[in-house]
Each structure stands twice: as C-alpha cells, then as structure tokens.
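*Asks:* Take these sequences, add in the hints, and give me the full structure.
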Amino acid sequence: MLSRQSLTVVRGGACVVTGANGVGKSSFLHLVAGLVAPDEGQVSIHGLAASSAHPGAFVGAGVRRGLVFQQGGLVANLSALENVALPLRYHADVLGLTEGVIEERARFCLGAVGIEGPQVHVLPGRLSFGIAKRVAFARAMAIEPNYAFFDDPDAGLDHENAGVVHDILTSYRDDPSVTLVLATNHRALIERLGIPVHELVNGRLVRANMETMPPTSLV
Amino acid sequence: MSAWLAGLGREGLATWSGLSSAVALMTRALASGFDGGRAAERAVRRVVLRQIFFTGAQGLPFITATALVLGATMMLQIHVAAPGMPGEIVGKVLATIVLREFAPLVTAIIVASRSGTAIATEIGNMQASLEMLGLASMGIDPSRYVVLPRLVAVVTSVLVLMVYFGMLALVGAFSLAAASGTPDPAAMRAGLADTLALSDLALFLGKGVGCGAIVAVICCHYGMQVKGSITEVPLMTGKAVIRSVLGCVFYNFAATLAYYSAVGTPAAHL
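Residue numbers (our numbering), protein chains in the order written: chain A, 1 to 219; chain B, 1001 to 1270.
You can trust all of the hints, since none of them are fake.
So the derived list for chain A, only partly shown, Cβ under 8 Å to chain B, looks like this:
(1) H30
(2) H54
(3) A92
(4) D93
(5) V94
Which bits of chain B does chain A cover? Going by a derived footprint, with three or more residues having C-beta under 8 Å, they are:
(6) 1039-1047
(7) 1135-1142
These are calculated hints, taken from the structure and not from any lab test. Built from N, CA and C at the ideal position, the CB exists for glycine as well.
*Replies:* Encoded structure:
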C-alpha cells in the first residue's frame, strides 16, 4: 500500500496526513503509531524501534501514546469510564497514580468532551457514534500523551463537539511536549492547525497543495 | 490423484502453519505473564477471575446434567450388554472409561463448545473493531491482557470441571445400580478403588492441563486470525471449535497411550 517513504516528525512537532478516501491514511497512521509492523523498513518512536518493542515497553520508556481511531477501538465490555481509566489503572505504578486520582482524571477527561452523569457508566455498544468517538478522545487524553495520533478526529461529531475537539488538538499542537500526527482531509481543521501537511498519493507522501483541496463548511 | 495429493499437502502445510502460530501465541502469552508492574498484574487478575466465572461457574449446570445422565447411561448399557457382570469389574470399567476417558474429554468438548466459541467470537470481534490495536496503543499487550487470562481460566476451569464431571458421572452410575439393586455398590466401590492409583492423578492433571490449553490457545488463535471484517468471525469461530475438539480427541488418545506405556498395558492394569 505504501512505497518506500521516509517521514520524520521531530519531538514536539506536528503534521497532518491527508489524501483521498481509501488511499491508506488510517493504515499509515497505525504504522507511524507503531501498532502494525512495516513489511520493510523501520518505524521509530522516541528512539524505540516500534515493530520490535513490546507494547508495555513504550510506557516504561516514557512514551505515552494517545490514539483515536476513525471508529471503534474502545473495549466493548468496559463502560465509558472504565475505558478511560483502563490505561491509567494498567500503568498506575509506572505513572505513579492512586485509584482516587485515576477515577478523578478519567471523569475530568470525559467531562472535557461533554460526557457526564449516567452516560459514563454505559458500554460503548450502547453509545452513539459521536459519543463513542468522544470517549475515545477522553481515553487518549487521560494518559497525558506525549505522542498523539488522531484518525479523522472530528468525523461524525456535531458542530459544537467538533469545536471542542479542535480546541484540544490546537492545545496539543501548541504543547512542546506533545508530538502530534493526524490523518484527515477536513480542510477547515487543517487550516486552523496550520501545521505541515503531507498528502498520500499512490502510496507516496508528497507536500499537499492546499489550493486543490476541497473546501468544507463544517467549522 | 495429483490434485488430491496437492490438496492434502496444502492442508498439511496450513495445519502446520496454524499449529506453529498457535504455539507461538501461547509462548508469547505465557512469557508476557512476567512483564509489567503490579498494577498490570491486578488488571489481568480481574480479567482472569471474570473468565473463570464465565467458563467454570456458569458452565456448572450443563456439566452437572451431562455427567449425571452419561454415568447413568453407562450403567444402563452395562446392565443390558453384560447382565450379571460382577460389581468389582463394573467398578474397574467405570474407573477406566468414566474417570480416565470421559471426564477429561467430555469436559473439554463442553468447554470448547461453550467457552471456546465465546472466546473465538469475542477476540474476533475485538480484532474487527480495532480493540486489539486500541489496547496496544495504550501500552497494553493483548497477549497478556486478552490471551493469558483466557488460557489460565480455561485450564483452571477444565481441571476443576473434570473432577466435578467424574464425581457426578459416578454418582449417576451408582444411583442407577442402587435403584436396580445390581451390581452391588460396595463391590463396585472396591473395584473402583482397586483400579485407581496415584499415577491417575498425573494422567488427570496432564489431560486437564493439555485439553484446557488446546481449547484456549486454538480458540484465541482463530479469533486473532480475523483481520478486518466482522463477517470473518463466524468462519473463524467454526474452525476454532472443530479444531480444538479434534485437538483434544487426539491429545486424549496420545495421553492415554503414554500413560499405559508408563504404568503397564490396559489388560495388565485391569
């Protein structure tokens, strides 16, 4: 799907990968996030070879990845709150968190994306697409990521919630401790972030020409 | 003929490849048990307990009914096929057939058909809905958080349920004997006690651990084979259950052979 390519995002840097539907943006994002191994070549995060590193080794090495998929990715048999708390509970000793702090932080992150009250105890399968996406966002935020990957972060969200997500992305862009990579072809979001844009065309990354991108009216 | 041979070769290679992947998955899962901190251990333990509850505790009613009826049926067949068989011989037959063969195998088949389908379906759905990638993105190793708890839970449950099954099957058989007045239950008990030895504990443990591991690993392996579409889930679940049952049948036979090679021939033992 991808030809031989080299892309470097410096620590604290940010970039957008765009391209037509089905061109492989999501696969590319999974690759750079170190979730799938490349057939050839290497993906390195924080100096760790992603394909050979054990998932837990990242956290031990100080890599806190926050990732939001285009859809799905939440653990189906855990409630929204348990989903957000899961990475915190699993790495509580590495992150130095107590149960009280975990619960508080999970609720805070859910609140930041507008999920409160009884909704926090609902299983992902019973949540609407937009709410499930916001839960995924809260889960990515909860671990206070220093590497953040977002796949179509505002897809399926209403105007107000898309605005909330854009604000969070902007704060990550401005935070020098966060390396941000996102895949989207939402022009308004790309323009708002004002970060380098790469377009995926026939398996190759090229500098995107914003003039040829279609306008959008969502935000 | 050549096409048939080629097909056989392909099937053999696919089986070998699947077997290697399943063994690699089990090795990864077992090795992952030594990774991570205590918080991760606590999280994994919670999943293990949930899985034991599902596989072990919730499977009890089905195991109870099957064991009682199977034990009684066995006794009925002895009544019909060999009326007047001495109680001591009946006890020996029950020990060899019910305890050494039926208890491990039938328990494993029940667990494969009930929990194995659930495991393969759940993991398949997790693959299709990107839950596995989601876990990995959070630094949670799916081998540890998903596979290891199921492996531990199924092995533990099969071991416990095997013992339970064996006891209830004997209750079924003895109840029928008591109701019909023949053979003499005391003689049956003597035959049973005479046949069972300490080596049976090793056979029991070996069969329980082996069959449990086969069911858990094959079902997890086929669940993991789902790549991206939810339509692959039923296909993989079917393969998982059929192959895990076949695996248990062959393993059970091999373990019985190994047992009698070690302790003496069945005839000598009887």
